[in-house]
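Undergrad: The primary structure of each chain is shown beneath.
Protein chains: 4
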Amino acid sequence: MDTIEKLTEIFKEFPGIGERQAKRFVYFLMAKNSDYAEGLSLLIKELRKDTMQCSQCFRFFVSPNLKKEKVCEICADKNIDSSTLMIVEKDSDLESINKSRVYNGKYFILGGLIPIIEKNTNKTVRINELIKKIPNEKSLKEIILAFSLNPQGNHTDFYIRNQLKDILKSSAIKISSLGRGLSTGTELEYSDNDTLKNALKNRQ
Amino acid sequence: MDTIEKLTEIFKEFPGIGERQAKRFVYFLMAKNSDYAEGLSLLIKELRKDTMQCSQCFRFFVSPNLKKEKVCEICADKNIDSSTLMIVEKDSDLESINKSRVYNGKYFILGGLIPIIEKNTNKTVRINELIKKIPNEKSLKEIILAFSLNPQGNHTDFYIRNQLKDILKSSAIKISSLGRGLSTGTELEYSDNDTLKNALKNRQ
Amino acid sequence: MDTIEKLTEIFKEFPGIGERQAKRFVYFLMAKNSDYAEGLSLLIKELRKDTMQCSQCFRFFVSPNLKKEKVCEICADKNIDSSTLMIVEKDSDLESINKSRVYNGKYFILGGLIPIIEKNTNKTVRINELIKKIPNEKSLKEIILAFSLNPQGNHTDFYIRNQLKDILKSSAIKISSLGRGLSTGTELEYSDNDTLKNALKNRQ
Amino acid sequence: MDTIEKLTEIFKEFPGIGERQAKRFVYFLMAKNSDYAEGLSLLIKELRKDTMQCSQCFRFFVSPNLKKEKVCEICADKNIDSSTLMIVEKDSDLESINKSRVYNGKYFILGGLIPIIEKNTNKTVRINELIKKIPNEKSLKEIILAFSLNPQGNHTDFYIRNQLKDILKSSAIKISSLGRGLSTGTELEYSDNDTLKNALKNRQ
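Residue numbers (the numbering used here), protein chains in the order written: chain G, 1 to 204; chain H, 1 to 204; chain A, 1 to 204; chain R, 1 to 204.
Next up, chain G with everything else stripped away, as it sits in the complex (with noise of 0.2 Å):
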């Protein structure tokens, strides 16, 4: 394999990017001026070298200061409301919802959806990492699960509320999910079975 291939093969790894585009993207390098090709594999480098994962939420962030501790600037904010705790599946989620400033809370990052069938959850997701880090949140009042609503968001939803069930009786803190019912844009007479049911059982 030469260099073209090589990199061909590295693009077709990211998100949504198949052979086709892939091949246009070495290509679009190659004709792009020296200098555009030197900034962004050094910025890539940089990119790496700065990146942290935070020992809290488990979100990737950028710190060019090297902090010792692994911290983000979302854990570390001292406005954040820490009596609530929203578990999302990546950090594409996080980013969204925080960009929204809908929400003020802390996070939790699962690092994955529940397979519907699959057996060794647990070395894909964080879920014991959830399950550690719960007993010392002393401000925690509620979790907030925050999945897609498809049926994997569904059963991930699902197989926490179980799997904390234990740790979450003998507290106070309560576990929610999203509510659901109509969506921006959502027509009534192309809507789905599921979102009728609970449009009209959330009415209000």
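I should point out that these hints are in silico values taken from the structure, not numbers from a laboratory.
All values derive from a computational prediction rather than experimental measurement.
Just so you know, not all the hints are guaranteed correct.
It does not matter which identical chain is meant; a pair holds if it fits inside one copy or across any two.
Derived DSSO-like pairs (lysine-lysine); straight-line CA-CA distance at most 27 Å [stated by the list, open to error]:
1) LYS70 x LYS6
2) LYS141 x LYS201
3) LYS90 x LYS32
4) LYS201 x LYS49
5) LYS45 x LYS165
6) LYS99 x LYS32
7) LYS141 x LYS169
8) LYS138 x LYS201
9) LYS78 x LYS45
10) LYS32 x LYS70
11) LYS6 x LYS197
12) LYS6 x LYS99
13) LYS32 x LYS132
Position chains H, A and R relative to chain G; hints supplied.
TA: Frame of chain G; chains H, A and R shown alone:
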């Protein structure tokens, strides 16, 4: 205009049909055997002859027996729960909800949404008919507003609550709207702010 | 089946129309005023009554005057160049080409393409009618095969050339097919091998 | 701007990549292990270091051996037919045609199409390089213009024929353009007038 052109013009009014497809319909009819076209012609005539508009919910329905009283089979059904009245925009919304079997109450078809900027609203939608109807519904306990989740739907929800304020003040009838939050298939990463806000507010 | 269901079934046969849209058509007709539906019903009846199939090119056409001879306005037009005969698959192909004004000769509608695997081809398309027609066309100099560029279109091109071989051998009539190469909007980067091959072979 | 933002800006320049996907790329790299990111960084650097532009056809190619002469493997190949020279817009066009194996001659990459309204064309595309090159190609018999079939492609075809008129007049070198007509998948019914016209004109 010859017959082909006239018929094309009529098919162009069909929902979702443009010039090209309207013309294809005409050529399709020309190529089909006479029985098909005559059957279609007869059925359309019959449909209109047998179509009545329900005097209670205002939906269109087909009654081949030409009954005297103009009440549709839902409004006439004694098993329907007459303590709830769902206000919907149009016939196809009612059909979808009815088909989903998640709701067993009465309906009222408003006949449209309230445009955000317009004066003579009463002429386009059946707000007066709704106001007249409510005092006569002796067993009514809850009005459910069920509109699509878009600016016009929201405006209609707001408008009707306002119009019914006086009439409901002195009664025990509640007014509610379909719940909002995540709908089937919603991915957190790509959710808009309103959906996230509603999902968080309505968590449970 | 009631009228709504029967009419839905009929609309489902319209080209490009599925169950959901067929039903929307029915509700659309129910909500429209009687005049519209009756006008439609009448026009469909009239269309069929006035529709004739041209005895020369086999296209369907509308003749309100109920002329005795069953010849369409293209075949009857003396300004049409009768030295070329274009064989097309269906009425809508003829309409498109005729509308484009790039061709001024005669047409013959085959009534379908030849399936790649099928035995009794003569029953589905008018190959016998074509064979019978050619010796009677005294001024004919060229037959143009004009089929869509897909496997079935190619097979039909091949099949007709084969069927007409004997009849054309002893005559001066040429047989040709529409040219192949780049069509409007073709981007070289995304072209398939066949298109590139044809474009290269037919360069000029 | 921190590293995440800087890298997002750079990925946004990649062909077909918008803000959202650019950001996903960055988070993807943060979540990947260091080896992956470092490998990518290194390969991009290497790619640029090894990338040369062919002095004959102007395509970019990778040469790990840092050969002195800057000639790509197609131009250096003795089995290539040097009697034809195909002029293409860009590297990816050349790659597609080369991969299709329908052409075995030489290439020349123009470096862009000629905008329909622009003055200093010579600065954006290699028209001067082309004019200089032709007299030196001793075995050249045919120049093939191979541009995408859109207004700018047509204009470029016209422009180059005009620019080469004088130089070709006194020589035996032909100039041709890729053939036009139906391309794979073209349906007659939906064809535009130009495609029908070309298909009819180039029938065979």
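Undergrad: Now tell me, hint by hint, if it's right for this structure.
TA: Here's how the hints hold up against the structure:
1. In this assembly of identical chains, LYS70 and LYS6 lie within 27 Å of each other by CA distance solely across copies; the values are 22 Å between and 34 Å within a copy.
2. In this assembly of identical chains, LYS141 and LYS201 lie within 27 Å of each other by CA distance both inside one copy and across copies; the values are 26 Å within and 16 Å between.
3. In this homomeric assembly, LYS90 and LYS32 come within 27 Å of each other (Cα to Cα) only across copies, at 13 Å, whereas the closest approach inside a single copy is 33 Å.
4. Taking the closest pair of Cα atoms, LYS201 and LYS49 never come within 27 Å of each other, the shortest separation being 50 Å inside a single copy and 39 Å across copies.
5. Taking the closest pair of Cα atoms, LYS45 and LYS165 never come within 27 Å of each other, the shortest separation being 43 Å inside a single copy and 52 Å across copies.
6. In the homo-oligomer, the alpha carbons of LYS99 and LYS32 lie at most 27 Å apart only across protomers (23 Å), although the nearest pairing inside one protomer, at 33 Å, exceeds that limit.
7. Taking the shortest Cα distances, LYS141 and LYS169 sit within 27 Å of each other inside one copy (13 Å), while across copies they are farther apart (38 Å).
8. For a Cα distance limit of 27 Å, the shortest separation of LYS138 from LYS201 across copies, 24 Å, qualifies, whereas the shortest one inside one copy, 34 Å, does not.
9. Taking the shortest alpha-carbon separations for LYS78 and LYS45, neither the intra-copy value of 31 Å nor the inter-copy value of 42 Å comes in at or below 27 Å.
10. For the identical chains of this complex, LYS32 and LYS70 are inter-copy neighbours only, at 18 Å across copies versus 37 Å inside a copy, given an alpha-carbon limit of 27 Å.
11. Taking CA atoms no more than 27 Å apart as the test, LYS6 paired with LYS197 passes in neither setting, with 50 Å inside one copy and 30 Å between copies.
12. For the homomeric pair LYS6 and LYS99, the shortest alpha-carbon distance between copies (18 Å) is at most 27 Å, but the shortest distance inside one copy (36 Å) is not.
13. Taking the shortest alpha-carbon separations for LYS32 and LYS132, only the inter-copy value of 25 Å comes in at or below 27 Å, while the best intra-copy value is 49 Å.
In summary, the numbered hints that this structure violates are 4, 5, 9 and 11.
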